[in-house]
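Visitor: From first to last, the protein sequence lines stand for chains D and Y.
Under the working numbering, read the first sequence as residues 92 to 412, first letter to last.
Under the working numbering, read the second sequence as residues 6 to 332, first letter to last.
Treat the hints with caution; some may be incorrect.
To be verified - What follows is a list of derived Cβ distance ranges for each label pair: (1) Y:GLY98 to D:SER219: 49 to 59 Å; (2) D:PRO216 to Y:LEU180: 56 to 66 Å; (3) D:SER219 to Y:LEU324: 18 to 28 Å; (4) D:SER218 to Y:LEU324: 22 to 32 Å; (5) D:SER219 to Y:GLU14: 31 to 41 Å; (6) Y:GLY170 to D:SER218: 50 to 60 Å; (7) D:SER219 to Y:THR258: 28 to 38 Å; (8) D:ALA172 to Y:GLY170: 55 to 65 Å.
No wet-lab data here; the hints were simulated from the structure.
From the three backbone atoms N, C-alpha and C, an ideal C-beta is built for every residue, glycine too.
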Amino acid sequence: MVVTAPVLAVDGLSVDYITDRGAVRAVDGVSLEVAKGEFLGIVGESGCGKSTLLFAIARLLSPPAEIAAGSVRFRGRDMVAMDEDELRHVRWRDYSVVMQSAMNALNPVMTIGAQLKDAIEAHEPASSQKIRERSEHVMRLVGIDPIHLASYPHQLSGGMRQRAMIAMALVFSPELVIMDEPTSALDVVAQRSLMLQIKELQRRIGFAAVFVTHDMSLVSHFSDRLAVMYAGQIVEVGATRSVFEDPKHPYTKGLMQSFPSISGPKERLVGIAGSPPDLLQPPAGCRFHPRCPSVMPRCRTEEPPFYEEPADLVRCHLYDR
Amino acid sequence: MSYIARRLEFFVITVWAALTINFILPRIMPGNPGQAMLVRFHGRVSPQTIKALEVAFGINNNESIFQQYFEYLGNTLRGDFGTSLTFFPAPVGDIVKQGLPWTLGLVGMATIIAFALGTLIGMLSAWRRGGFLDAILPPAFIVISAFPYFWLGLLVLLVFAITLGWFPLGFAYDLSSSINLSWDFAGQVAWHGFLPALTIVITSIGGWILTMRNTMITTLAEDYVKMARAKGLSPVRIMFMYAGRNAILPNLTGFAMSLGFVISGAILVEIVFNYPGVGFTLLQAVHSEDFALMQTLFLLITIAVLVAVLAADFLTAWLDPRTREQA
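One chain only, chain D, in its complex shape (with noise of 0.2 Å):
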């Protein structure tokens, strides 16, 4: 399917929190890779670790989290091994992160425009000619009024602020745009016409996209291949189609079954009995053993590894054969 090298590759990515009763492990060995123009969705449930996964990725974590192990290798350069000076450059130009919450991502007290000129301007010196229509450029190209580079986060819409984050996200026409659940905080209109437009943006400029949400059908329209995390680690990754229509972990299972689909026949929502486990002390074994519905004996003791199946790697001792 990777034809080119991967923009991103991922391998063996772990993050603890230290916390005063030790180390817990919020992600645990993830090893994924991003193709050039790839979207990939990873799902999970809220504490499953994707958006530390996510700020790992790109170099964002601060104590008490830390990188334990893995690299994180994009455009061929490792980026665990950077130091702050370095990723700098690397930064916004070549990747940029779009957040949860616009809301608490943009300073309050700069306005739109200026907090634009001030990514622009840490890259590469332009004249404020050229940072104005590079700003009102971004701006249409989200569908906002360039009027509101001089509004302040305050005076917009929370659609338009999630917009406007992106507007700056795009503003380098970087290769990676890294999106922490970016339209969790709008409701599901307003979340499928930004969905829409981060797809549309994404085929004209050709990004690669990492998309974290826990709301797995919104994701399932939009992204080429799907991860599904659970406690930390990936435990199912594959085409969308395929892990949409035919999910193979059990946990996958559960989590179609927890949102009612508006086409199909009329079911009964069943949802995953149990809650996520304590991280610090992680169940032994398959770490969903302890809420599986087809859990047997080796569950408990023996890890599974990545079974491969015909277009997914699942991680489940039922796909030993």
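Add chain Y to chain D, keeping to what the hints say.
Guide: For chain Y alone, coordinates are given in the frame of chain D:
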């Protein structure tokens, strides 16, 4: 702008309230300045003299309280605050005018320096939390700020003025020269003001360091700081424009309050350094029950606080666009 209009409206009302309370308080207290003068001269004054004094002090019992009130308001607005008892027969206005520039200059400058320096140190120590600066400066200055003003002032005098002889023992300028606008005189003022200013700065800086450090630490955890890092901005720009500028906002009102109290807060410093400011004047006024002078000084303090808070409101409006909106 409606925000500024509302602040101004509030300001006018509070000033009026302060003026009125200032008028009522002495009138519900027993005695009057004429009687106080009588006591001062141990009763050796004739009834005619008392009558004359009462006229001089403006105690006219024939006028109704309302007439007195409006006359008082008019006089105050014109800058006529009556006659001082302590410095009889000098008008109170002149006494205050003599002391005010010294106090404003010394304590005002010292307060501004303490705030600016303290905020900067607080910001830096939060930015490098647990670093060298953070481990030394905040605790050191907080310990020092627990020392009383006057004790530290005396210590500073002992070391730098008496033992080392680098600085003068007191007063605002050489008594041999008169007040004039020359570089020589300005140098004298700075030289005389150094020790009292130093005392104020080192005793008050700890509070500013601590408050700025705390708000800065909270601000540094905000998403927009993380976003600024993600944008690849220089650390200096992130520290000042993204973290610092947001962290300083809650401290501005406290700063304004302390600027307002510059006039009253300087009494101890002015006594220790024998500085000719209004704090020293206030002490004398209290000792000799000089109500006209006291009243004027209290009014001055109140108005100074109100003006400072008003200024802080404007400054906040300028720095924080959110406050400009309608509430």
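Visitor: State, for the Cβ atoms of PRO216 (chain D) and LEU180 (chain Y), whether the hinted interval 56 to 66 Å holds or is violated.
Guide: holds, 59 Å
Visitor: Against the range 55 to 65 Å, how does the distance between the Cβ atoms of ALA172 (chain D) and GLY170 (chain Y) compare: consistent or not?
Guide: 60 Å Cβ-Cβ, so the 55 to 65 Å window holds.
Visitor: Does the Cβ distance between SER219 (chain D) and GLU14 (chain Y) fall inside 31 to 41 Å?
Guide: holds, 39 Å
Visitor: Confirm or reject the claim that SER219 (chain D) and LEU324 (chain Y) have a C-beta distance inside 18 to 28 Å.
Guide: holds, 23 Å
Visitor: Confirm or reject the claim that SER218 (chain D) and LEU324 (chain Y) have a C-beta distance inside 22 to 32 Å.
Guide: Cβ of SER218 (chain D) to Cβ of LEU324 (chain Y): about 28 Å, so the range 22 to 32 Å holds.
Visitor: Mind checking the hinted window 49 to 59 Å against the Cβ distance between GLY98 (chain Y) and SER219 (chain D)?
Guide: Hint holds: Cβ distance 52 Å, inside 49 to 59 Å.
Visitor: Given the hint of 28 to 38 Å, is the C-beta distance from SER219 (chain D) to THR258 (chain Y) inside that range or not?
Guide: holds, 35 Å
Visitor: Between GLY170 (chain Y) and SER218 (chain D), is the Cβ distance one that fits in 50 to 60 Å?
Guide: Holds, since GLY170 (chain Y) and SER218 (chain D) (Cβ atoms, about 59 Å apart) stay within the stated range.
When the structure is compared with the earlier hints, no violation turns up for any of them.
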